[in-house]
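Chains as they are written, first to last, in this note's numbering: chain B, 1 to 198; chain X, 1001 to 1151.
It is possible that some hints are incorrect.
To be verified - With a straight-line cut-off of 25 Å between C-alpha atoms, the simulated SDA-like cross-links for lysine to any residue are:
{"no.": "1", "chain 1": "B", "residue 1": "K131", "chain 2": "B", "residue 2": "P63"}
{"no.": "2", "chain 1": "X", "residue 1": "K1086", "chain 2": "B", "residue 2": "G47"}
{"no.": "3", "chain 1": "X", "residue 1": "K1086", "chain 2": "B", "residue 2": "T48"}
Rather than coming from a laboratory, the hints here were simulated on the basis of the structure.
Residue-level listing of the chains:
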Amino acid sequence: MLVTTAAIFLFVQYAVFVKKQYEKEEKYPPTWALLVSNAIQGNLGNGTFSSTPNNLDLKLLEPGDIILGGNPGGSYGHYTHAGLYIGNNQVVTMYTSTGVYLEPPEAYHRYHWAAILRVKGDQKQIEEAIKYCSSQLGAPFFILTPKTENGLWYCSKLIWVAYRKQGIDLDPFNSYWVLPDAFIHSPHVQIIDKTEVA
Amino acid sequence: MQKHSSSFLSMTGNLFLVHLFFILLTPLVLNLGYFSAVLTLCYVLVLFIIGLKRSLALNISALKVLAAGYLSQLPGIIPSIFVIIKDLLPFPTIVFEFLVQVWQTPFYPVYPLLPRSSVADFPLYFMVNLFISMIIPLLPAAGAYVSKIKK
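Pulled out of the complex, with its shape left as it was, chain X reads as follows:
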């Protein structure tokens, strides 16, 4: 039981640290213009590979990898919820908008490529920002699932 929980926390830590690493790396490559989108693709690939390799090494299921993914994305998920329900809150959510933006830094290189349209009063890129934390954990989980099938 203890081994399972430490594997779960180890996976969470891996995903969290990789995300932090890409937050720091992204502003450094933004000067490359549209080529900086390659970094976002690298991040997506790294998440899949982490799921693929680490789930075998730590011997944890795809479902636990998914849960670890959601735990590691809480710094994006929590402020996103505040922004989504901002009309119901008695305080301004500008700090949460700022936090979502900084947390989702690894995805900003692709936002200039998105159509400049709006969804529910938010620009499309910001809407993606609000929901991407719910999608990111699917990538390592998919990697873990593939590794189990191959096994």
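Just chain B, with the same shape it has in the complex:
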């Protein structure tokens, strides 16, 4: 019991150390170090939402765009949530208790910071990615699922898989999980709009 506790303590300290080292070098930390460090600081879930809306320009959205939201105190990085805009004022996304579902893009105004990303793909790739995401409506959400499994989803994994099936890998970090932050660091996207609450 003592050995297990000591091992967990050392692992957590190591994760915090690794995260700090990467941040010092202005590099994005490994996903495991980021998640462990945030969890140990009590940062769980999507963090604290903003009481005033951000001014993300939703008129710029085109079908196939990725929309990101993030809050202070979130566990998954700077951006803690991602959705895929499929047109008709609908974003495919998911939460623990909803599974894959549709929400309006206005929901992203609640975040302290938000962004719209356009994937550098041809029309066919984008249409197929939209079709794939839409085909998963109602499928279960599970945060511990590896990104290479198909059937259980979390928000950024579904988008990653949908575009990967079209030959576009949006994860430059290549880790067990693909977090929303990966998309904004991907060379395969163009940042259309980026905002944060003052």
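Let chain B serve as the given structure and place chain X on it in line with the hints.
Using the frame of chain B, we list chain X on its own:
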């Protein structure tokens, strides 16, 4: 009396540790796709066998095995109650939803096989998640009951 309570706690500990073991094991097999559902079936079988064998070894009744099962499932039962009554609570229940999800990890391999329907505003898989902790203890209790009949 002391022997009875230590047998009860021993059974509770066994069921709790087996559940933790399957939580750790499940993410490792999820890459097997639908075959990973075999692990969930193994877990169900292990629970039944624990009830069957350990109730004889510890000499405790099926009812006590059932109580031990519910005690071992409290980390799933308590957050589930918070989620079910979330409309009555003055604070958000997102952390409890997260805890239920992680605690019920051993059952996630079968959720993609469920129909994608909703019950009372929750998707079916999440509804199963909320109530499965109430059903799991029936398995070792059934094992214990069978062992008593055979005896």
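Hint check:
For the hint pairing K131(B) with P63(B), the CA-to-CA distance comes to about 11 Å; that is within 25 Å, so the pair holds. Taken as a hint, the K1086(X) and G47(B) pair is honoured in the structure, with Cα atoms around 19 Å apart against an allowance of 25 Å. Taking the CA atoms of K1086(X) and T48(B), the gap is near 18 Å; set against the 25 Å cutoff, the hint holds.
Violated hints for the displayed structure: none, as all numbered hints are satisfied.
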